[in-house]
Amino acid sequence: MKKINLLKPFLLFSLLAVLMTLAACNNPVGNNSSNPETKKYTIWLDRSTYTQFKEVFKNRLEDGDFIQLEFNAEQWNAISKVLPDKDKDMWTESQIMKWLKSEEFGDTEATKQAKWLITHEHVCIVSRTGDIVSYLYKQ
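Residue numbers (mature numbering (1 follows the signal peptide of the UniProt record, and there is no 0)): -23 to -1, 1 to 116.
Quick caveat, the hints were computed from the structure, so don't treat them as lab data.
It is possible that some hints are incorrect.
[Stated by the list, open to error] In silico EDC-like links for lysine to aspartate or glutamate, alpha-carbon gap of 20 Å or less:
#1 K78 - D42
#2 K92 - E81
#3 K65 - D23
#4 K115 - E86
#5 K92 - E80
#6 K35 - E81
#7 K75 - D64
#8 K115 - E51
#9 K75 - E51
#10 K58 - E98
#11 K78 - E51
#12 K115 - D62
#13 K78 - D23
#14 K58 - E47
#15 K17 - D62
#16 K17 - D66
#17 K63 - D23
#18 K89 - D42
#19 K35 - D84
#20 K115 - E98
#21 K31 - E98
Based on the provided sequences and hints, a complete structural model is requested.
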């Protein structure tokens, strides 16, 4: 009678079972109920002078005011072609809030505008402070 060595097949099977179990978990490090994954949004930032804004938009924007712009898919395709990759970023809602507050939005208005931004596609907030006009585009 021939002796069969089952140690190697047993170890190989055990390793395979462990790997399959780990793959099935699909639980990234740090992603648990106390630290959920934070949703990120694709944004672009831009600035211009107020004179440039008036030339492009053919409209006025009072100092300290802002406007919301919403684009359809065709408009967004045209706009997104000229938005440079160097100005593109991925931001969380809290980063959007921080930008809005840096643009002189109060807490209530910043919260309202952040909610509007994250619930709409292809939008822009244009804000004027003095001679500087700031743009936050969101895909």
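Subject >> Agreement of K58 and E47 with the hint, judged by alpha carbon distance not exceeding 20 Å >> reply: holds, 16 Å
**OP:** Sort out whether E98 lies within 20 Å of K115, counting only the CA atoms.
**Re:** Between K115 and E98 the Cα gap is close to 7 Å, so the pair holds against 20 Å.
Original post:
Does the alpha-carbon distance linking K89 and D42 stay inside the 20 Å limit?
Top reply: holds, 15 Å
Subject >> Pair hint K115 and E86, alpha-carbon separation not exceeding 20 Å >> reply: Since the Cα atoms of K115 and E86 sit roughly 18 Å apart, the hinted pair holds (cutoff 20 Å).
Original post:
Hey, K31 versus E98, does the alpha-carbon distance stay inside 20 Å?
Top reply: Violated, at about 25 Å.
Original post:
If you draw a straight line from the CA of K92 to the CA of E81, is it 20 Å or shorter?
Top reply: Holds, at about 17 Å.
**OP:** Measure nothing beyond the straight line between the CA atoms of K35 and D84; if it is 20 Å or shorter, mark the hint as holding.
**Re:** Cα-Cα ~30 Å, so violated.
**OP:** For the pair we were handed, K78 and D23, check the Cα-Cα distance against 20 Å.
**Re:** Holds, at about 16 Å.
Subject >> 20 Å limit on alpha-carbon distance, applied to hinted pair K65 and D23 >> reply: holds, 10 Å
**OP:** With a cut-off of 20 Å on the C-alpha distance, tell me whether K78 and D42 pass.
**Re:** Since the Cα atoms of K78 and D42 sit roughly 13 Å apart, the hinted pair holds (cutoff 20 Å).
Original post:
Going straight from one Cα to the other, do K35 and E81 come out at no more than 20 Å?
Top reply: violated, 24 Å
**OP:** Starting from K115, check that the Cα of E51 is at most 20 Å away, please.
**Re:** holds, 15 Å
In terms of the numbered hints stated before, the structure departs from hints 6, 9, 11, 19, 21, listed from lowest to highest.
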